[in-house]
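Number of protein chains: 2
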Amino acid sequence: MRALILTGVKQPLELMDRTPAELAPGEVIVELRIAALNRRDYWITQGMYPGIEPPVILGSDGAGVVAVCGEGVDSSWIGREVIINPGLNWGSNESAQADSFSILGLPRDGTFATHVSIPATQLHEKPGHLSWEEAAALPLAGVTAHRALFAQGGLRTGESVLITGIGGGVATMALQMAVASGADVWVTSSSLDKIERAKGIGAKGGFLYTENDWTKRFRGDAGAANLIVDSAGGAGYKSLIDVAAPGGRIVNYGATTGPPESIDLFKVFWKQLRLQGSTMGSPSDFTAMMKLVTHHKIRPLIDRVIPLEQGNEAVAMMKSSPQFGKIVLAIS
Amino acid sequence: MRALILTGVKQPLELMDRTPAELAPGEVIVELRIAALNRRDYWITQGMYPGIEPPVILGSDGAGVVAVCGEGVDSSWIGREVIINPGLNWGSNESAQADSFSILGLPRDGTFATHVSIPATQLHEKPGHLSWEEAAALPLAGVTAHRALFAQGGLRTGESVLITGIGGGVATMALQMAVASGADVWVTSSSLDKIERAKGIGAKGGFLYTENDWTKRFRGDAGAANLIVDSAGGAGYKSLIDVAAPGGRIVNYGATTGPPESIDLFKVFWKQLRLQGSTMGSPSDFTAMMKLVTHHKIRPLIDRVIPLEQGNEAVAMMKSSPQFGKIVLAIS
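Protein chains in written order, with this note's numbering: chain C, 1 to 332; chain D, 1 to 332.
Please keep in mind that the hints were generated in silico from the structure rather than gathered at the bench.
A hint or two may mislead.
Put simply, identical chains are the same to the list, so a pair is met inside one copy or across any two.
The calculated DSS-like cross-link candidates involving lysine-lysine, where the alpha carbons are at most 30 Å apart (straight line), are [what the hints assert, rightly or not]: (1) K267 with K204; (2) K267 with K319; (3) K267 with K10; (4) K238 with K297; (5) K238 with K204; (6) K10 with K216; (7) K10 with K238; (8) K267 with K238.
Full structure from sequences and hints, please.
Have a look at this one:
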């Protein structure tokens, strides 16, 4: 097999031939068609993640065809088109992952490779309406967006949703899922172009968070947000508390601009707000996400397709996030 | 009727005779036996509350006997022993109070009086196991504690609960309700005496939050808290995020020491924490609270009984909170 391997932090990934690891009972080997990138991959290359032990094959997202079944796996899997749930060993508590939880692509070898071994319990049938690119783009962003909106955000039909920093994989998936679920969805961005593209896939409108008075205009156009999905935190978090409706929820699956400045707890308790942390998702979240995507024929947005050989360029793009939708790697 | 009246902020309340207001359709007059104090009463006397328009009779909590029924009220109420739900016009949204919501005792004349008029829909039968003092102590603290624990905190049997700053009416009610519901309950205080008293009513143990390493000792003794009920906020809030279990909830019904310092959103999303604001409760919360109190024969703690005539001394005690349980006013 060929794989893009992290041999040390702050070094380019190296494309190498590698002998596949011994297949454990219950595992399969998937011959990958497409892998997809996540910001996590960039952070790992920069050493900004716990437990980095090179050499390791990065990559959490992938779709392909089952090539080999290990001991105890039903051989009817062979030849089937699958996508992989990259969340391993969530544990039995739906509210939070166990200490044993890990994500494919560190420490376990991931999907930036021609082949990946994975427990068969992580496999899901590739939905028929998705291309290989779309199927590979779905798992990590899809389950993160779904958990943020539903299990943690408690989204109900007809509610008003605000998704901040539209453009990344999770944010665009959340936009598509919320629109499909009958919500009125608004977005923020620092780019008018991204706001226009968000409107093209169902957003009611958008606001430049770089403009000081965007919350006023949000109130005028949208009223208040029942659910806000944010991954920025930082100085802008204060505005989210202001535009949240009474009884509203603000779900964070990241804090890319750092922790928020002091939070006005008086507003939080008087408005009965819920500030909810969220990350990835349980096997139940993944199954529910697959069902929603299949039912509504949601197709993840692909920003660009890059050959595996140029994987380092793809990883570098995750730093500044110019994309709208997912960047994927063509394996073969 | 005689009443303790706020005639201006930062002035002593004045005990005066007053002509009762005209009884509106749907309302009753309750002849009060006992009223109870809340910190809200102190804040109002200090002008630290919106919409203060003297003269007004303060007091949110009261229990007594129905003396007069207005038009449209079933006359079988007459002579019945009742407690009053002080939350008016919550609205139709269980998640948060409507703008129309108000609390008895401002702007509507309250319970520091021999008589109070109130819509009959606010009446609840006084549970048989409660004394008049206990019945009057129950409403505002009881519904606030119940909503914090259940509707907002999602308490489940067998969970571990931490109640900070034990001693006040809401905190002691929350302790009693959580213990009755089968939770392992821990407390914090700045007073060893209050911790001992909390253990006397079912707390597993307590910690002096004035000691820097209390979170370490909490981890050693209690592990982690699934649910934390706090009304302090401020610098100590950081520690609550540290001792919360993965998937845990931190419910705030106040922020007496001000807003927290910057919140570590990374811990919040990685631990999938829920930071939940809460205040008072809906009519459903009140009914559920009454059911729990009746079923488990919970008796609110009475710190002391003060005659209505000495109401100003009672209000002054709400400033420094030396009490353990509620301070009540004997009306007659």
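These are the hints, each one checked on the structure:
With identical chains, the CA atoms of K267 and K204 are at most 30 Å apart within one copy only, with a shortest distance of 27 Å there and 32 Å across copies. In the homo-oligomer, the alpha carbons of K267 and K319 lie at most 30 Å apart only across protomers (22 Å), although the nearest pairing inside one protomer, at 34 Å, exceeds that limit. Taking CA atoms no more than 30 Å apart as the test, K267 paired with K10 passes between copies only; the shortest distance there is 25 Å, against 43 Å inside one copy. In this assembly of identical chains, the alpha carbons of K238 and K297 never lie at most 30 Å apart, being 36 Å within a copy and 43 Å across copies at closest.
Taking the closest pair of Cα atoms, K238 and K204 come within 30 Å of each other only inside a single copy of the chain (23 Å); across copies the shortest separation is 37 Å, beyond that limit. In the homo-oligomer, the alpha carbons of K10 and K216 never lie at most 30 Å apart, since the shortest distance is 43 Å inside one protomer and 36 Å across protomers. Within a single copy, K10 and K238 get their C-alpha atoms no closer than 34 Å, and across copies no closer than 33 Å, so neither meets the 30 Å cut-off. Within a single copy, K267 and K238 get their C-alpha atoms as close as 10 Å, and across copies as close as 18 Å, so both meet the 30 Å cut-off.
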